[in-house]
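Top line first, the protein sequences correspond to chains A and B. Its first residue numbered 1, the first sequence is counted upward by one per residue in my numbering. Its first residue numbered 1, the second sequence is counted upward by one per residue in my numbering.
One should not assume that every hint holds.
Claimed, not checked - Residues from chain B shown here face chain A by an in silico Cβ test under 7 Å; the list is partial: (1) Asp5; (2) Ile7; (3) His9; (4) Trp41; (5) Gln44; (6) Pro55.
Since the hints were derived computationally from the structure, they do not count as laboratory data. Even glycine gets a Cβ: it sits at the ideal position worked out from N, Cα and C.
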Amino acid sequence: MDPYQQELQDCLPDLWRYACALCRDPDIADDLVQDCAERALNKRALWRPTGPLKPWLIKMLLNLHRSERRTYIRRSKLVPVVQVPDDAPDIDRLSPALDLNDTARAMSLLPSEQREALLTVVVGGLSYKDAAKALNIPIGTLMSRLGRARASLRTSLEHSAKEDTA
Amino acid sequence: MNITDDILHAFVDGQLNPKESEQVEAYLNANPDKAQEIADWQLQNEAINALYPAPEAIAPLPLAANRNRAPFGAIAASVAALAVGLGIGWFSRGSLERDNTITAELIGDAITAHAVYAADPHRPVEIGASEEELLLRWLSNRVGRPLTAPNLSDQGYQLVGGRLLSVSEGPAAQFMYENDDGVRVTLFAIRAETSTLASFTYQETDEGNGFYWEDETLRYAIVGDISRDTLNALAVQVYDQLS
């Protein structure tokens, strides 16, 4: 296996997590990662080895997700909310106030641009510079979207924590 | 170091060096209110990562995909093998059985249009580069996708203008570029009906050589009677600007 393939393969788990987080449907995530890997294999002639492959893959996947989303809207397909995994860390280990279901719900309430910014950094694991490039926005815009996303999550999660104890 | 919100985000996302992190920690020790907010951000990150765990198994990529210019079928087969190997329920889709004849036809159309119009000394384009905005608005309307004319001046090519073409797949745009030596290349763009596999194809004919590729919304060909390497460099430049 050459370095390009090795790098592509090493990126696949993170790419899949990112796809899953974006579309909230593991089946669609499979399709997105497959399309993305196909494109990466086909476009390797265009890849200039000047940096890590992952930001490029993330950008490609995000674009695929956006165009797929349009496709799915046209088909009026219902997109199920992803199920909380069985082997997720124990809630107690995270925080008594932070339930994964609440987090999933709070995430789904974010405007898509804020959710994409947060996921590109947290799940995609890109630097701010690479994330801004992948999202095709200035770094200042990325930072303000991150800020708004985190503030909204805090508000929604505090709210649901209060409901739980009430 | 001035502790801004940007620095605090970078702290939570692990994007600071150890020395900067220490400074942030000292700041947070002195500011309990802010520390609570940052602790919440860290919990959010943990919860988000816990929500989306890694897939169960990842198999090696097949070596067949190593060939740079493997025939389409070979790439499709190797990717199919990759899909099975991943063990996360990928399945083969229609895009893998895409009809290559459409691609060949489109490259043929692009090369023919290049041969007809690039050779025209007096009226190579319908709208000139001086009215680029009008040109783009018109062609985008007719092609049905937002179009831009990439800047190829780094390669020594200036935009001459463009025209509307009619080909078997529908209306298409042709942008013409010319270098100081009067050599012309054309960029052909037509809408993509479905988001399919982006292949990157090269074709040589007596009338000219062309590179063909696709993105999510458009199918492109760049054509010129120039060497493959020069054309490749132009294709990469266009691709970089449009993707």
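Status of each hint after checking the structure:
1. Asp5: At 6 Å from the nearest chain A Cβ, B:Asp5 passes the 7 Å test, so the hint holds.
2. Ile7: violated, 10 Å
3. His9: Holds, because the Cβ-Cβ distance from B:His9 to chain A comes to roughly 5 Å (cut-off 7 Å).
4. Trp41: Holds - the Cβ of B:Trp41 comes within 7 Å of chain A, reaching about 5 Å at its closest.
5. Gln44: holds, 5 Å
6. Pro55: holds, 5 Å
Violated hint: 2 only; the structure is consistent with all others.
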